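From first to last, the protein sequence lines stand for chains A and B.
Numbering-wise, my numbering puts 466 at position 4 of the first sequence, and it's gapless, one number per residue.
Numbering-wise, my numbering puts 840 at position 363 of the second sequence, and it's gapless, one number per residue.
Think of the hints as simulated: they come from the structure by calculation, not from any bench.
Quick partial rundown of chain B residues pointing at chain A, CB under 8 Å, derived from the structure:
(1) S509
(2) S510
(3) I596
(4) Q633
(5) A634
(6) W636
(7) W716
(8) A757
(9) Y799
Pairs of lysine to aspartate or glutamate residues, derived as DMTMM-like cross-links and limited to a Cα-Cα distance of at most 25 Å, are as follows:
(10) K591(A) with D652(B)
(11) K523(A) with D535(A)
(12) K548(A) with D527(A)
(13) K523(A) with D534(A)
(14) K530(A) with E549(A)
(15) K591(A) with D753(B)
(16) K530(A) with E542(A)
(17) K591(A) with E710(B)
(18) K533(A) with E549(A)
None of these values were measured; they are calculated from a predicted model.
Cβ atoms here follow ideal geometry from the backbone N, Cα and C, with glycine treated the same way.
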Amino acid sequence: MWDTIILNPMINALLLIYDLLWNNFGLAIIVFTIIIRLITLPLTMQQTRSQQKMQQLQGSKKWQDMQKKYKDDKQKLQQEQLSLYKEIGFNPLSGCLPLLIQFPIIIGLYQAITRTLAATPVQLLDLSKHFYPFIPGLASLIPLHNRFLWIPDLGAPERLFLPFLPAFGIPVLTILVFITTWLSTKLTTPVTTGDSQSASMGKMMSWYMPILLAWFSYSFAAGLAIYFVVSNVLQIAQSAAMGKVNWRNVFSFGSASKPLAKTPAKK
Amino acid sequence: MPPFRRLILLALGLTVVAGLLSGCATGATIASSWPGISADETTVYVAYNNAVSAIDLENGVERWHYPAEAERNRSFYATPLVTADGQIVVGGYDHTLTVLDAESGAEIWRFTEATARIIGSPTAAGSLVLVPSADHHLYALDLETRQVAWTFETEQALWTAPLVDGETVYLPSMDHNLYAIRLSDGAEIWRADLGGGSVDTPTLVEGTLLAGTFGNGLQAVSANTGAILWSFETVGWIWGNPTAADGLVYFGDVAGWVYSLRLGSSGEEISRFQPDGPVASSPAYGDDRIFISTESGTVYARTASTGDPIWEQSIGLTSRLYTDPLLVGDVLLVASTTARQGDAILTAFDAASGARRWVFPPPAPEE
Numbered sequence: 463m464w465d466t467i468i469l470n471p472m473i474n475a476l477l478l479i480y481d482l483l484w485n486n487f488g489l490a491i492i493v494f495t496i497i498i499r500l501i502t503l504p505l506t507m508q509q510t511r512s513q514q515k516m517q518q519l520q521g522s523k524k525w526q527d528m529q530k531k532y533k534d535d536k537q538k539l540q541q542e543q544l545s546l547y548k549e550i551g552f553n554p555l556s557g558c559l560p561l562l563i564q565f566p567i568i569i570g571l572y573q574a575i576t577r578t579l580a581a582t583p584v585q586l587l588d589l590s591k592h593f594y595p596f597i598p599g600l601a602s603l604i605p606l607h608n609r610f611l612w613i614p615d616l617g618a619p620e621r622l623f624l625p626f627l628p629a630f631g632i633p634v635l636t637i638l639v640f641i642t643t644w645l646s647t648k649l650t651t652p653v654t655t656g657d658s659q660s661a662s663m664g665k666m667m668s669w670y671m672p673i674l675l676a677w678f679s680y681s682f683a684a685g686l687a688i689y690f691v692v693s694n695v696l697q698i699a700q701s702a703a704m705g706k707v708n709w710r711n712v713f714s715f716g717s718a719s720k721p722l723a724k725t726p727a728k729k
Numbered sequence: 478m479p480p481f482r483r484l485i486l487l488a489l490g491l492t493v494v495a496g497l498l499s500g501c502a503t504g505a506t507i508a509s510s511w512p513g514i515s516a517d518e519t520t521v522y523v524a525y526n527n528a529v530s531a532i533d534l535e536n537g538v539e540r541w542h543y544p545a546e547a548e549r550n551r552s553f554y555a556t557p558l559v560t561a562d563g564q565i566v567v568g569g570y571d572h573t574l575t576v577l578d579a580e581s582g583a584e585i586w587r588f589t590e591a592t593a594r595i596i597g598s599p600t601a602a603g604s605l606v607l608v609p610s611a612d613h614h615l616y617a618l619d620l621e622t623r624q625v626a627w628t629f630e631t632e633q634a635l636w637t638a639p640l641v642d643g644e645t646v647y648l649p650s651m652d653h654n655l656y657a658i659r660l661s662d663g664a665e666i667w668r669a670d671l672g673g674g675s676v677d678t679p680t681l682v683e684g685t686l687l688a689g690t691f692g693n694g695l696q697a698v699s700a701n702t703g704a705i706l707w708s709f710e711t712v713g714w715i716w717g718n719p720t721a722a723d724g725l726v727y728f729g730d731v732a733g734w735v736y737s738l739r740l741g742s743s744g745e746e747i748s749r750f751q752p753d754g755p756v757a758s759s760p761a762y763g764d765d766r767i768f769i770s771t772e773s774g775t776v777y778a779r780t781a782s783t784g785d786p787i788w789e790q791s792i793g794l795t796s797r798l799y800t801d802p803l804l805v806g807d808v809l810l811v812a813s814t815t816a817r818q819g820d821a822i823l824t825a826f827d828a829a830s831g832a833r834r835w836v837f838p839p840p841a842p843e844e
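The following block holds chain A by itself, in its conformation from the complex (with noise of 0.2 Å):
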């Protein structure tokens, strides 16, 4: 099931896109990582959208209220929350989605790189399974040219070795990659207000975020972390064509900064 929904479709895709591109898998990912932003679209935005109505509804005056009013009932407050989402035709879950379609995408790329650089006969034997046997030529690309820019294998973690300094290596795709989900989620996660248990969670989630992301590049394929570091690009840029980037959020390193809009929620 997984190999026939995930797997396999990305694993002849990343080839068909590397015979397009003159053999060079570096830019077949980047490639490929674009075309799964693309199809996601609808559901960033979906998500994009969701942000920003609850966003606009805890900026209400309505909810304001409720807060004050049910502080020391959470139960009741709960269903308060709940009957307003209902009366202004919001689902809480609809933000949702976009989140979980992320999992399978990572989990699969990471196989499918991994599966498609085969560096053990194991891997390779496996591989001969995923082909499509209905695109002709696919068998011939094998094995693939695992290099790319300065990185040697695309299948393993990256390290730049510098000449001065051989006995180190410096995990350049790693710092990108924190640098950039470090900014793609201070740049897009919309600001917490009022709640000051919801604002010290986002500000603790945006450093949990890149660190975590920056781990998996330490130590997992080099390509994984190029799928990263374009994703994140590609999520501030989306946001930025959309007017969403908050740039102050940048620089605030302590409190939450105001939020980007205080109109009431409208149905």
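Following the hints, complete the assembly by docking chain B onto the known chain A.
Relative to the frame of chain A, chain B by itself:
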């Protein structure tokens, strides 16, 4: 859903992803290839995972294993070479080639100049041993002086043993080429583009080299000139190269077909049959019997000249057969890629009847 809860969901999800990726990475290192086996008149040598073992051909009892204690960064899958003067030469995934004493298993010395895994088996050629490495180089190593006589570089990894015929070395590479090299100095004589990667030693029959490829079927190449003589299209990739048997050649593909061809000016197909799974190994041949093993764990014995079935044996549901079966006298040895600790790595069958003689390691006694 408030933004912070969404972030928590994302964090939890990514933590799960981290666990899954870690699992994938760990799983990949358990067994990255299948056992390599070779034998002399009395002993079977098996290279698999962390050890090279010498096993008594008669009863399956282990005589020695190397290293004495498993070392985390050392694993062996290349078929061990047994030299005429009683040495075992085996390549490792730690980039080294180790020379052992065949009698005791004691290490004699190690060659450490390769910079990538040694997946293919070394081949003896006079005083030289030819060592294919995934670092794209073939090393011609003098075992007596312990010096490299020459190296030959290709454009991609070398995963298989070269074939030596007289003064010529035939070397298939993952770069899609089959090379002919002069044994004396490592100079290239010719190269033939096979149209796909090739990972098994070519078969030489009456001046024709037969090489299986990934995605481009079987290629017949003139051993003299390197010209492609004819091609035979297969359903799947060919991993194990053909075995010659009385004017016919037998081979399988990973799509699960076994073919027999008659050699001549072209490869005329005589028959094909579909066993119970992909075939990644080369068949074994002897005494008008051809032995074929499948990934699914079944061994087929057939009459080579007619293709008639003789016997069929399954070695178990969890083990897979990728290693070439090996016929030593009247014993057929089958090495398994095991899925669980304690599973049999090596099974010895009576070649005539298919009766099981012994397994290694022996099954644990029932409590």
